[in-house]
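Engineer: Residue numbers (this note's numbering), protein chains in the order written: chain A, 1 to 265; chain B, 1 to 284.
Simulated from the structure, these hints should not be mistaken for lab results. Do not rely on the hints blindly, as some may be mistaken.
[Unchecked claim] Covered stretches of chain B (in silico footprint by chain A; criterion: 3 or more residues with CB under 8 Å from a CB of chain A, positions within the stretch not fixed):
hint: 1; segment: 36-49
hint: 2; segment: 68-81
hint: 3; segment: 96-106
hint: 4; segment: 202-212
hint: 5; segment: 261-274
Predicted, not measured: the structure shown is a model, and the values here were computed from it. Even for Gly, the Cβ is constructed at its ideal location relative to N, Cα and C.
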Amino acid sequence: MKKNGFLALSFHTAVMVFMLAPLVIVCLVAFTPGTTLSVPTTSFSVRWFKAVFAHSDLVQSFWNSLWLALGSASLSTLIAVPGGLAMTRFHFVGRNWLNGLFLSPLMIPHLVLGVALLRMFSLIGVTGSFLWLTLAHVLVITPYVLRLVIAASIGFDRTCEQAAQSLGAGRLTVFRRITLPMILPGITGGWLLAFINSFDEVTMSIFVTAPATVTLPVRMYMYATESIDPLMAAASALVVCFTLLVMILIDRLYGLDKILVGGKS
Amino acid sequence: MTNTRFLRPWFLSGPALLLFTALLVAPLILTGLLSFHVFDQVKGITQSWTVDHYLAVMVDPYYHVIFWRTFWISALTALICIVIGVPEAYILSRMSNPWRSLFLLVLLAPLLVSVVVRSFGWSMLLGPQGIVHAVLQIFGAGSIRILYTESAIMIAMVHVMLPFMVIPVWTSLQKLDPQVQDAALSLNATPFTTMRRIIFPQIMPGILSGSLIVFGLSASSFVIPGLLGGRRLKMVATIVYDEYMHELNWPLGAAIALILLIANLLIMVTYNRVVEGRYKKALG
Chain A
1 MKKNGFLALS FHTAVMVFML APLVIVCLVA FTPGTTLSVP TTSFSVRWFK AVFAHSDLVQ
61 SFWNSLWLAL GSASLSTLIA VPGGLAMTRF HFVGRNWLNG LFLSPLMIPH LVLGVALLRM
121 FSLIGVTGSF LWLTLAHVLV ITPYVLRLVI AASIGFDRTC EQAAQSLGAG RLTVFRRITL
181 PMILPGITGG WLLAFINSFD EVTMSIFVTA PATVTLPVRM YMYATESIDP LMAAASALVV
241 CFTLLVMILI DRLYGLDKIL VGGKS
Chain B
1 MTNTRFLRPW FLSGPALLLF TALLVAPLIL TGLLSFHVFD QVKGITQSWT VDHYLAVMVD
61 PYYHVIFWRT FWISALTALI CIVIGVPEAY ILSRMSNPWR SLFLLVLLAP LLVSVVVRSF
121 GWSMLLGPQG IVHAVLQIFG AGSIRILYTE SAIMIAMVHV MLPFMVIPVW TSLQKLDPQV
181 QDAALSLNAT PFTTMRRIIF PQIMPGILSG SLIVFGLSAS SFVIPGLLGG RRLKMVATIV
241 YDEYMHELNW PLGAAIALIL LIANLLIMVT YNRVVEGRYK KALG
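From just these sequences and the hints, can you work out the full model?
Structural biologist: Given below as structure tokens:
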């Protein structure tokens, strides 16, 4: 295979700068000592980080987002694991149809899901309920968990299960001692991917959150449409750091490249 | 026994099916019904039926402008993503580790960072105090406004969508057999011919599915036009939000959202049928 030439490498450098520029700029501007959005050159300050932690709305919505992501990722794993096993272990009428339904939130714009859920929530009178918001998040993140569970349970040797069964293990024991440990990396990866997707979700949430349940991305979006100041830069920098932590965790537990490219490479 | 065995997959996927029926199928049907309700400025949503909301979108030039803008911005974004993403994926595939995995991460990992943060980063870069503005002024461009224009929306859109183009192209590049390339070169094909006749046809399905994803996501994106288009420059997603939250005309908002959904699905299905079907035949 031929090496990349000078032109190719310059193009590559430009693309890398383009991809990193907005993330680097928020992290730099967050340290500005002034009140304008400028890159600090002579002195650095953490005053805007202090301001973020003193901003009770931002702190409150961070906790909302955290609990929401933890709750919805866990719930979604609970329903996606049996769902994924049903898809891979059984041939039944309606399987493709069911699979299509479970993956459809990936195809439907989150905006449409947002307005649809808003209509239903207001009809049954649960607008502003944290539980229903969690269920809405479960809906949009379940496809991610399901895909990884399906990939994990297709990719392993069924004869282990059959061996256990022939040695007299009950169905539950087979699941607990054989199947579950073998698909565990897929479940962990799916949970983490679901967690970060729920934590980042904004377009659907903006329709179905109430002042008390506003999530961090929604709060930041609202704030940024009204004013752009270094406070937002500091909050953004903290979100970037938080996401980096989750990425490191994903990499340790599942493999970041595998999760990003789609589990097959 | 046979009877329970038949029921077992339904039992296992039951909780998920319940959730998807209650929170996906039912709300979509309710929204479909909502879009046919008459809206009254005083009384709000009334119980009588009409198709006026759909007619308004078809007839009113205000909506034509917004739908057309959404369409061309999305199409151009997909095109730019092809022009940047395909060569970049190819260059990456010719690198060796550890650079290859490192740069692939730089390219794809922004996917996991909140789109609000990325859009905000661009609004700082493109704003009047931003670096892009300063650089343009060095080249004597005067004071061009970038933020709150279509260009700003598109720059951020390409940034957010590029990973979705790189992933399928990268996947199809991984499947290439380097020996076929070597064979072509040893048979005296120029690098350009090898590229055009050997590599390109094989990664074409990847490019097509990438551009489909990019187009669909761009057409329905909300945060990017919201933060970089300002109050004046609307796209379909942002007017749906306005109808719901400011005008409180939910039926009209529902009609626009459903038109967006149906247009999206139609484009995906036809594209799949026409283009990918042809490629499947051609490649066996």
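Engineer: Each hint should be assessed against the structure and marked as holding or not.
Structural biologist: Results for each hint:
1. Counting residues of the segment 36-49 of chain B whose C-beta sits closer than 8 Å to any C-beta of chain A gives 0, which falls short of three, so the coverage hint is violated.
2. With a threshold of 8 Å between beta carbons, the proposed coverage of the segment 68-81 of chain B by chain A is violated, since 0 of its residues qualify and at least three are required.
3. Figure legend: the segment 96-106 of chain B, annotated as covered by chain A; annotation consistent (5 residues with Cβ-Cβ distances under 8 Å, at least 3 required).
4. Under a criterion of three residues with beta carbons nearer than 8 Å to beta carbons of chain A, the stated coverage of the segment 202-212 of chain B fails, only 0 such residues being counted.
5. Three residues within the 8 Å Cβ limit are the bar, and the segment 261-274 of chain B against chain A gives 4, so the coverage statement holds.
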